[in-house]
Amino acid sequence: MNFFLILQRTIIILFCLYHVMAVGLFSMPTDDKRMEPLRQAVLPYIRPYLLTTSQWQQWNLFAPDPLRRVTEFAIEKRQGNAWVLSKSLTPKTLPWWRDTDELKLLRRLEDGGDAFAPLRRRYLEMHCHEENLRRGTWLRLAVRWFAIQKPPFPVPTQQWGVAAPAWNTKSIGEFTCP
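If you count the sequence shown from 1, you need to add 335 to reach our numbering.
These are computed hints drawn from the structure, not numbers from a lab.
Mixed in with the good hints there might be a few duds.
Unchecked claim - BS3-like mimics (lysine-lysine), calculated; alpha carbons at most 30 Å apart, straight line:
id	residue 1	residue 2
1	K422	K439
2	K427	K505
3	K485	K505
4	K427	K368
As the list claims (entries may be wrong) - Label pairs and their in silico Cβ distance ranges:
id	residue 1	residue 2	range
5	P500	G471	28 to 38 Å
6	A417	S362	49 to 59 Å
7	D446	Q390	25 to 35 Å
8	R470	W495	41 to 51 Å
9	R457	L420	13 to 23 Å
10	V419	R457	46 to 56 Å
11	I348	R403	15 to 25 Å
Ideal Cβ placement from N, Cα and C applies to all residues, glycine included.
Given only the sequences and the hints, what does the whole structure look like? Please build it.
This is the structure we're talking about:
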């Protein structure tokens with residue numbers, strides 16, 4: 336009886352070691368040239384196990400590339416020949432319980448192309464009703480953004496405060512309040 340208990344524990348420990356080794360080797364960054372020969376040697380043996388059990392992971396799960404684009408949305412209304420801010424749509428101006436959903440929707444409206452034109456018009460129409468804007472008020476949905484530059488080498492700390500973003504602006508939809 337003692338023999339089977341020892342055998343059972345040994346099998347469990349060996350399986351745990353195999354699992355940790357398999358996940359660790361499969362998760363190694365693919366651009367690490369020193370580990371590539373080892374990965375190529377063991378991948379045929381560990382890949383079926385990891386994919387079958389859905390235990391596979393990639394390096395970017397632990398260290399993803401950060402977002403480099405800063406985006407702000409705004410609804411602007413036409414006054415004379417100029418566009419004037421009606422509502423700023425940023426994490427700082429939206430209620431905390433709505434900002435994630437609202438900004439995700441706005442990013443989809445920006446990326447959606449012509450297929451999303453009716454939704455952009457509806458979004459602006461809802462703004463007309465929420466703000467009780469008078470009939471004929473001309474609105475547009477504007478996007479402002481800049482990309483955080485990724486320098487090829489580390490920047491000295493003295494230059495950190497000198498960098499200024501180059502903002503871009505575009506209109507992704509216009510609507511006249513009914």
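Violations among the numbered hints, reported as their numbers in ascending order: 4, 10, 11
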